[in-house]
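A.B. asks: Chains as they are written, first to last, in our numbering: chain A, 1 to 288; chain B, 1 to 313; chain C, 1 to 330.
Honestly, the hints are just simulated from the structure, not real lab data. No experiment lies behind these values; they were computed from the predicted model shown. Check each hint, because a few of them may be wrong.
Below, simulated EDC-like cross-link-like pairs (lysine to aspartate or glutamate); rule was C-alpha separation at most 16 Å, straight line [said to hold, decoys possible]:
#1 Lys132(B) x Asp279(A)
#2 Lys4(C) x Glu31(C)
#3 Lys271(B) x Asp300(B)
#4 Lys175(A) x Asp118(A)
#5 Lys224(B) x Glu120(C)
#6 Lys228(B) x Glu120(C)
#7 Lys160(B) x Glu247(A)
#8 Lys232(B) x Glu222(B)
Chain C side only, calculated, beta carbon under 8 Å to chain B, not exhaustive [to be verified]:
#9 Met56
#10 Met96
#11 Asn106
#12 Val118
#13 Leu121
#14 Tyr154
#15 Pro262
C-beta atoms are modelled at their ideal positions from N, C-alpha and C, and glycine is treated no differently.
Residue-level listing of the chains:
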Amino acid sequence: MAANEQESKSLWHHAWDSLISDRTTVIAMSIVLIYSVVALLSTTGLIVSDWSKEVGPSYAPPSSEFLFGLDIFGRSVFAKTIKATEIAMSVGLVTGVLTVLIGVTLGSLAGYYGGKVDEVLVWFYTTVSSVPGIMLLISIAFIVGKGILAVYLSLGLTSWTGLFRLIRGEFIRHKDREYVQAATAIGGGDFRKIFKHILPNVFHIVIINFSLQFQFAIKSEVILSYLGLGVQGVPSWGTMINDAKLELARGNWWQLAAATAAMMVVVLAFNILGDSLRDALDPKLKGK
Amino acid sequence: MSLTSYVLRRLFYVIPVILGVCFLIFMIFNVVSPDPTISMLGKHATKAQVLELREALGLNEPLYVQYFDIVKSAFTFDFGRSWSTKQEIFEMIKQGAIPSMTITFPAFFLSFLISVSISLFVAFYRGTFLDKATVFVCVALMSISSLVYILVGQWFFAFKLGLFEISGYEEGFPEVVPYVLLPIIIIIILGVGPDVRFYRTVMLDEIYQDYVRTARSKGLSERKIMFKHVLKNAMVSIITYVVLRIPFLILGSLLIESFFGIPGLGGITLKAVNSSDFPVIKAMAVLSAIATIVFNVITDVLYVVVDPRVKLN
Amino acid sequence: MAEKILDVKDLVVEFRTDRGTITAVNGVNFEVYKGQTLGIVGESGSGKSVTALSIMRLIPNPPGRVAAGEILYRGQNVLDIPLDEMRSIRGNKIAMIFQEPMTSLNPVFTVGNQIEEVLELHQKELSKQQRAEKAIEMLKLVGIPSPEKRVEEYPHQLSGGMRQRVMIAMSLACEPDILIADEPTTALDVTIQAQILELMKKLQTEMGMGIIMITHDLGVVAETCDDVAVMYCGQIVEQSDVKTLFGNPKHPYTKGLIESIPSFDSTTGGAKGRLPTIEGMVPSLFELPAGCNFQNRCAFATEKCKGPHGEPKLESVSPGQMVRCFHPLS
Chain A
1 MAANEQESKS LWHHAWDSLI SDRTTVIAMS IVLIYSVVAL LSTTGLIVSD
51 WSKEVGPSYA PPSSEFLFGL DIFGRSVFAK TIKATEIAMS VGLVTGVLTV
101 LIGVTLGSLA GYYGGKVDEV LVWFYTTVSS VPGIMLLISI AFIVGKGILA
151 VYLSLGLTSW TGLFRLIRGE FIRHKDREYV QAATAIGGGD FRKIFKHILP
201 NVFHIVIINF SLQFQFAIKS EVILSYLGLG VQGVPSWGTM INDAKLELAR
251 GNWWQLAAAT AAMMVVVLAF NILGDSLRDA LDPKLKGK
Chain B
1 MSLTSYVLRR LFYVIPVILG VCFLIFMIFN VVSPDPTISM LGKHATKAQV
51 LELREALGLN EPLYVQYFDI VKSAFTFDFG RSWSTKQEIF EMIKQGAIPS
101 MTITFPAFFL SFLISVSISL FVAFYRGTFL DKATVFVCVA LMSISSLVYI
151 LVGQWFFAFK LGLFEISGYE EGFPEVVPYV LLPIIIIIIL GVGPDVRFYR
201 TVMLDEIYQD YVRTARSKGL SERKIMFKHV LKNAMVSIIT YVVLRIPFLI
251 LGSLLIESFF GIPGLGGITL KAVNSSDFPV IKAMAVLSAI ATIVFNVITD
301 VLYVVVDPRV KLN
Chain C
1 MAEKILDVKD LVVEFRTDRG TITAVNGVNF EVYKGQTLGI VGESGSGKSV
51 TALSIMRLIP NPPGRVAAGE ILYRGQNVLD IPLDEMRSIR GNKIAMIFQE
101 PMTSLNPVFT VGNQIEEVLE LHQKELSKQQ RAEKAIEMLK LVGIPSPEKR
151 VEEYPHQLSG GMRQRVMIAM SLACEPDILI ADEPTTALDV TIQAQILELM
201 KKLQTEMGMG IIMITHDLGV VAETCDDVAV MYCGQIVEQS DVKTLFGNPK
251 HPYTKGLIES IPSFDSTTGG AKGRLPTIEG MVPSLFELPA GCNFQNRCAF
301 ATEKCKGPHG EPKLESVSPG QMVRCFHPLS
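Between the sequences and the hints, there should be enough to build the whole structure, so can you do that?
C.D. replies: Shown next as structure tokens:
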């Protein structure tokens, strides 16, 4: 077991080394960090707390005074874009955590116990993944009602299937390995074996998945906003892009451009980070 | 085991999944959903009105009867009538399927051809700047919201440049073209990023296999190795990936159809969502789930047919 | 003396890695004669497989490249000829079989199809019908029962030994001058190993090709080879005919290898119950010592071996026997 721990430590260490030796990855990590800090600062009200203030005429185009222009109510698009980081990052974080909680719990139970437990959970997984994601998304948002909670729940409750499949597969592979049998021999209970022994060995999958889920959630928030199921009252990139439906025809492109650019940068960073994590932690996983 | 008995067994396993899907839909719309009559009648409806409407909509039936109705509809395709338009839902779906597929099928085939060609090309030039740049462009394309492609495409190419119709639909072959061209192009652009990335990875996985070294040692050219040995092996993964997309072709694209005013299934679904038209949403959910399940079976069977290594057991 | 068909001169192969450039093959010389078998023996990482691949010009480039030397096939340097000319040699004049019969055949083509493919490339005069017949004939030649049925089968339907027979059939379809066999039996069961080696010897007698047998197993060498080159850290450390090598090894490494073969020589162990092994580890190619590469594992190493006189040269110690050692064994 000690040797095993040693091994996994050096694996993480090695992965970290290879991550920070790649310039693109370092840039991606920095971007994620910057967005997180901005989101935190905006949540605590240290920056852009006055985003809703009218600072000039309606739809003033970008200028030296109004960096990204103003929206219909004369509010700064720049401030809104910054404020919206908060929603995006929280949607990514919460749905990422929900996905991990559900996917890992069900996946490890199914893979570890096998038999009837596995059959039932696989049935459940097949059922949920048979209904196209967008239908489920709409349905759940429908029940919960409009707002941020709907976004969290509908994305979190529908996105766990991919992780479930991967974790279940890994548990099936790992549960008969020597180190798990050794844990059985010294009297380790199921709970201990699942969480203490097997999970650390498959945790890289969770991390990779989390990174990809994060960007998927940010992108999905836009769609939910379009469907009228998104956040209300606070700016989000989704609502900003959505507003552009009416603005573009009048030539007001800046709100769309600002939200798209802000979103693209962070989603791209998460995509790159996800790929780098995959290359560093588990080259076998490529393309799956 | 013969292929027929494999298919039969696979189809048999479909039944519990369909029952599960029906149960999920039942739970969502018949049990936990807020009472639809409230939004239909408005806030000031009397109790008697609500009760009357509930009775008319069949919401006062025992729950097991309501569940059984959904299960029955999954097998008979009799979904009843729309609450808002009072139309036969199955008729609505039949009418909506054609415009949906007019857009999705050409987009599907073109994007398959384009993506496979690009990925063959970059896999051949793997490791070069061209390869890395293509992968980056793919990821960058994927990082932009699909809504932005639609908005900008519609505004710039249709509105500003007038290259296509902004929105709408007309039946008949040449008439339909200006309406569907832009939606098709947008679907292709949306698909190219993830598809090229996936196909490229599949091909690169194959390129480093031992049999490729054997092929080289036989004196085959790189081109022949790529197009014959690698492509045929990669096709096993690519086909499974592609076939699972087909259900979505039939369903149409929710966003594209509503933006471009295409009277397809996606548009119907969205309208139903906005008017709390539960039977239509339920019908679409049941249908799309069944399509997904059926194509899953088809994928599994294709897998057995295409890949000689897969044994039936 | 048999006709010389391959002459490898001062071959140097380098690989570029993240940690710097390594010399995987460093100044290797050997010759291959018609109808004879040359064994190249060494541990993994000794450069034996890289040597084999460079003859076929199959070194993945980047990261690898042939940095110096000549590979003369019938007097023509294959390193100089254009790639498409090289392709007409591969599989036709020089053929190769690999260690992993499980993965070396393409899983989605039938066995027959893969044999016919070589013929289609190099024997264009054959019709489709003739190619199909030849494929069956080749399977028969390598001892596969009911070949008419087997041609239609896919690799996964065959056992490991059968697959290696298919590889041999495929490689010999164009009656090459040289067959390079890279650990052809390593992945197989012991009984199957013997059958495959027997088959290769038989076919060599019939077809007269020269064989380069790459292996880590001196047992295989003893069974099949005429001449042997022992490789260590990218260099040949001893080279002679097989009889001399086993009877009178001059390099401590060769001797160590011979002694560690179980039950090869009952006088060295057996009775005492302990199989001798070579102590220590192969040095990393990134940090080769000054002087002799084998010094850290050698019982006879002296100050001289540690570098003051440079590294030992491959020198003739008796007619037909060369050794790279400051203190050759007597």
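A.B. asks: All the hints need checking, so say for each whether the structure fits it.
C.D. replies: For each hint, the structure was consulted:
1. Lys132(B) x Asp279(A): Between Lys132(B) and Asp279(A) the Cα gap is close to 15 Å, so the pair holds against 16 Å.
2. Lys4(C) x Glu31(C): holds, 7 Å
3. Lys271(B) x Asp300(B): violated, 35 Å
4. Lys175(A) x Asp118(A): Holds - the C-alpha atoms of Asp118(A) and Lys175(A) are around 14 Å apart, at most 16 Å.
5. Lys224(B) x Glu120(C): Distance of about 13 Å is within 16 Å: holds.
6. Lys228(B) x Glu120(C): Since the Cα atoms of Lys228(B) and Glu120(C) sit roughly 14 Å apart, the hinted pair holds (cutoff 16 Å).
7. Lys160(B) x Glu247(A): The hint holds at about 14 Å.
8. Lys232(B) x Glu222(B): Distance of about 14 Å is within 16 Å: holds.
9. Met56: Hint holds; Met56(C) Cβ to chain B Cβ min 6 Å, cut 8 Å.
10. Met96: Holds, because the Cβ-Cβ distance from Met96(C) to chain B comes to roughly 4 Å (cut-off 8 Å).
11. Asn106: Holds, because the Cβ-Cβ distance from Asn106(C) to chain B comes to roughly 4 Å (cut-off 8 Å).
12. Val118: The hint holds - Val118(C) has a Cβ within 8 Å of chain B, the shortest such distance being about 5 Å.
13. Leu121: OK, holds: Leu121(C) within 8 Å of chain B, min 5 Å.
14. Tyr154: Hint on Tyr154(C): holds, closest Cβ of chain B at ~4 Å, below 8 Å.
15. Pro262: violated, 30 Å
The structure fails to meet hints 3 and 15 from the earlier list, while all remaining hints are met.
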